[in-house]
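Keeping their order, the protein sequence lines are chains X and H.
Under my numbering, the letters of the first sequence match residues 83 to 419, in that order.
Under my numbering, the letters of the second sequence match residues 83 to 419, in that order.
Because the hints were derived from the structure by calculation, they are not lab data.
Don't take every hint at face value.
Claimed, not checked - Listed below are the simulated SDA-like cross-link pairs for lysine to any residue, each with C-alpha atoms no more than 25 Å apart in a straight line:
| no. | chain 1 | residue 1 | chain 2 | residue 2 |
| --- | --- | --- | --- | --- |
| 1 | X | K193 | H | E413 |
| 2 | X | K193 | X | A124 |
| 3 | X | K193 | H | R144 |
| 4 | X | K198 | X | E148 |
| 5 | X | K193 | H | Q118 |
| 6 | X | K198 | X | E326 |
| 7 | X | K193 | H | K198 |
| 8 | X | K193 | H | D298 |
| 9 | X | K193 | H | A325 |
| 10 | H | K198 | H | C146 |
| 11 | X | K193 | H | P122 |
| 12 | X | K193 | X | G382 |
| 13 | H | K198 | X | E326 |
| 14 | X | K193 | H | T142 |
| 15 | H | K198 | H | V175 |
| 16 | H | K198 | X | G382 |
| 17 | H | K198 | H | Q118 |
| 18 | H | K193 | X | E326 |
| 19 | H | K193 | X | A124 |
| 20 | X | K193 | H | G196 |
| 21 | H | K193 | H | P122 |
| 22 | X | K193 | H | R128 |
Number of protein chains: 2
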Amino acid sequence: MPHRTIATLAEFRVALAGQPVPDASAIEVARRRNGQLTKPPAALGRLEDIAIWYAGWRGTARPCLERPQVIIFAGNHGVTARGVSAFPAEVTVQMVANFQAGGAAINQLAKTFGAKMDVHALDLDCPTADFTEGPAMSEAEVTAALTTGWNAVDPEADLLVTGEMGIGNTTAASAIAAALFGDDPEAWTGRGTGVSDAGLALKTRIVGEALNRNPDRDPLAVLQNLGGRELAAMAGAIARARAERIPVILDGFICTAAAATLARAQAGALDHCIAGHVSAEGAHGPMLQRLGLTPLLDLGMRLGEGSGAALAIGILKGAIACHSGMATFAEAGVSDA
Amino acid sequence: MPHRTIATLAEFRVALAGQPVPDASAIEVARRRNGQLTKPPAALGRLEDIAIWYAGWRGTARPCLERPQVIIFAGNHGVTARGVSAFPAEVTVQMVANFQAGGAAINQLAKTFGAKMDVHALDLDCPTADFTEGPAMSEAEVTAALTTGWNAVDPEADLLVTGEMGIGNTTAASAIAAALFGDDPEAWTGRGTGVSDAGLALKTRIVGEALNRNPDRDPLAVLQNLGGRELAAMAGAIARARAERIPVILDGFICTAAAATLARAQAGALDHCIAGHVSAEGAHGPMLQRLGLTPLLDLGMRLGEGSGAALAIGILKGAIACHSGMATFAEAGVSDA
Chain X
83 MPHRTIATLA
93 EFRVALAGQP
103 VPDASAIEVA
113 RRRNGQLTKP
123 PAALGRLEDI
133 AIWYAGWRGT
143 ARPCLERPQV
153 IIFAGNHGVT
163 ARGVSAFPAE
173 VTVQMVANFQ
183 AGGAAINQLA
193 KTFGAKMDVH
203 ALDLDCPTAD
213 FTEGPAMSEA
223 EVTAALTTGW
233 NAVDPEADLL
243 VTGEMGIGNT
253 TAASAIAAAL
263 FGDDPEAWTG
273 RGTGVSDAGL
283 ALKTRIVGEA
293 LNRNPDRDPL
303 AVLQNLGGRE
313 LAAMAGAIAR
323 ARAERIPVIL
333 DGFICTAAAA
343 TLARAQAGAL
353 DHCIAGHVSA
363 EGAHGPMLQR
373 LGLTPLLDLG
383 MRLGEGSGAA
393 LAIGILKGAI
403 ACHSGMATFA
413 EAGVSDA
Chain H
83 MPHRTIATLA
93 EFRVALAGQP
103 VPDASAIEVA
113 RRRNGQLTKP
123 PAALGRLEDI
133 AIWYAGWRGT
143 ARPCLERPQV
153 IIFAGNHGVT
163 ARGVSAFPAE
173 VTVQMVANFQ
183 AGGAAINQLA
193 KTFGAKMDVH
203 ALDLDCPTAD
213 FTEGPAMSEA
223 EVTAALTTGW
233 NAVDPEADLL
243 VTGEMGIGNT
253 TAASAIAAAL
263 FGDDPEAWTG
273 RGTGVSDAGL
283 ALKTRIVGEA
293 LNRNPDRDPL
303 AVLQNLGGRE
313 LAAMAGAIAR
323 ARAERIPVIL
333 DGFICTAAAA
343 TLARAQAGAL
353 DHCIAGHVSA
363 EGAHGPMLQR
373 LGLTPLLDLG
383 MRLGEGSGAA
393 LAIGILKGAI
403 ACHSGMATFA
413 EAGVSDA
């Protein structure tokens, strides 16, 4: 069902349940190869695990990583009317123009790591509803956003990074995290792009209101009621990548919140994903822990746009280049231990 | 004094004392530019500090990073006769051939990050003396190795990674660390490429013997008496990079031990260096702490060859690409907070 329209959440749920699994024989051969490379056992640490994991998803014991894709989804949020962000809502559309002109951080990072970058602005002139007053999206709206994400993935890509832009979307991500992981607004709400103490208190109160107003805790209902179009699109893209056996590097707090709805809807739905970094947004680390994900980088970043994940493309490239390019002890005539 | 012979340690000491400092005006302009880029303040975390630091060393507020150089130095160690390594000593020369043939991990990483790579084998058929019996090197030998390192740096490079290969050299690095940081062999000795419990006990005892047999704690005497040719060459290359205002990414335990002798010989001698990663070799983290260095990566690597530092080239490239390539709020027409 690659290029398609997702008509209902029920249909998306079915798609999630029938996703591919890693290729056990590619993993086995990759593991054997790893043991023969000219290095002491385990000396490349996590790079070795990454290469074997990547081999499993790509279905080949000696894979290449040559066509990474970065997709940025942008959406606007009705909850910004409540003053939850340090930046005005018009920054979303201004930053989309900046992405298109090549001036944002993610443009530089995509270029540095040889990734093609696509930008999808989702109905920016029609923000989601304020979720303290009711669901953020209708089922038609959330499925349209999932479809946009699903169709945005290039089936020829061999790695995916999903990023986002949406003033107010840390509030949506906090509400999702709280709904999925235990309804404590304080534990999951942070400063986003840099709100004040008073701003943080307001944001926390608003997350609490959103949780009360939207009591359904089904993970995809949480995505619809507390998410935003760019979050749903990221979820759709991450699911599509799985269907195409394309590994995904997750970005920060908002991307991980979107991904978490998949993990809660279907066990193992993020097995093809790795955490690119842990954000300075305080609740990101605990969210990764709940999902069993260990970040590759911890550099105090909190920009979104897929920036932390894009930086981690280099780590994956290095890991896979070592695995697939190194000589074995026998090939190099090096004495084994 | 760029291309030169270092005749004595005293002469090298004088060179260390007269090294350049960062360009304060480039730092000031870079800092101002950083504050105007299209992102919330500090949202790129450590990438922002890296870019400003790099700008200061390169003497330009909007630098490029296009010509990284990786240099691998190889040396043999008399102490291997005591059975301190899991691998036989002939692996050093075999791995040099592997570097030259392009089959090692560092070859793949250098290629991935667009670095030119040079290999210098230092008198492999003439191992250093067993330092449990006397100094590892004469003053003539250590200064020859320093000179090799000094002259190996390409003055046109804009970033340097120094790596090493030398069976037995974690024992030398442990002895150096213990001599510089407090004479406790157990605290600074680890498993290297993977010795057993009994091997670790032997290695620790040998480090203790080396410390007793070589009581001079002058940092450059420590390098001569407890180091090895590849460690001295790394120290020479790191010092030369400073003379050329080329920032350096330090690699793991052995590279950092070599660098530590410079830091102890001359305060601030590593100001142009950043720690690429923290190694799985247990004493590396404490050594970085003593030097006030915070690693960029923590991926359980313990290979040497400059591999952890080479992987961090991508982080520096990303940081500098963002700093120099991003649009400002004014350029992009984005509303500031």
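To see whether the hints hold, each was checked on the structure:
Under the criterion of a C-alpha separation no larger than 25 Å, the hint pairing X:K193 with H:E413 is consistent with the structure, at around 20 Å. For the hint pairing X:K193 with X:A124, the CA-to-CA distance comes to about 31 Å; that exceeds 25 Å, so the pair is violated. Distance hint between X:K193 and H:R144 is fulfilled; the C-alpha atoms sit about 17 Å from each other, no more than 25 Å. Using a Cα cut-off of 25 Å, the hinted pair X:K198 and X:E148 holds, with the two alpha carbons roughly 10 Å apart.
Under the criterion of a C-alpha separation no larger than 25 Å, the hint pairing X:K193 with H:Q118 is consistent with the structure, at around 21 Å. For the hint linking X:K198 to X:E326, the alpha-carbon distance of about 17 Å falls within 25 Å, and the restraint holds. Straight-line distance between C-alpha atoms of X:K193 and H:K198 comes to about 20 Å, which keeps the hinted pair within the 25 Å bound. For the proposed pair X:K193 and H:D298, the alpha carbon gap of about 51 Å is over 25 Å, so the pair is violated.
Proposed proximity of X:K193 and H:A325 is contradicted: the alpha carbons are some 31 Å apart, above 25 Å. With a C-alpha separation of about 16 Å, the suggested pairing of H:K198 with H:C146 holds against the 25 Å cut-off. At roughly 21 Å between alpha-carbon atoms, X:K193 and H:P122 fall within 25 Å of each other, so this suggested pair holds. Pair hint X:K193 plus X:G382 holds up; C-alpha atoms about 22 Å apart against a cutoff of 25 Å.
Proximity of H:K198 to X:E326 is assessed by CA-CA distance (about 36 Å); at most 25 Å being required, the pair is judged violated. For the suggested pair X:K193 and H:T142, the alpha carbons sit about 22 Å apart, so the restraint of at most 25 Å is met. At most 25 Å may separate the alpha-carbon atoms for a hinted pair to count; H:K198 and H:V175 meet this at roughly 21 Å. Of the pairs offered as hints, the one joining H:K198 and X:G382 is violated, with about 30 Å between alpha carbons and a cut-off of 25 Å exceeded.
Simply put, H:K198 and H:Q118 have alpha-carbon atoms about 34 Å apart, too far for the 25 Å limit, and the pair is violated. Among the hinted pairs, H:K193 with X:E326 is inconsistent with the structure: their alpha-carbon atoms are about 28 Å apart, more than 25 Å. At most 25 Å may separate the alpha-carbon atoms for a hinted pair to count; H:K193 and X:A124 meet this at roughly 22 Å. With a C-alpha separation of about 14 Å, the suggested pair X:K193 and H:G196 falls inside the 25 Å cut-off, and the hint holds.
The suggested pairing of H:K193 with H:P122 is violated, with an alpha-carbon distance near 34 Å, which exceeds 25 Å. Restraint check: the Cα-Cα separation between X:K193 and H:R128 comes to about 20 Å, which is no more than 25 Å; the hinted pair holds.
Hint compliance for this structure: hints 2, 8, 9, 13, 16, 17, 18, 21 are not met, and every other hint is.
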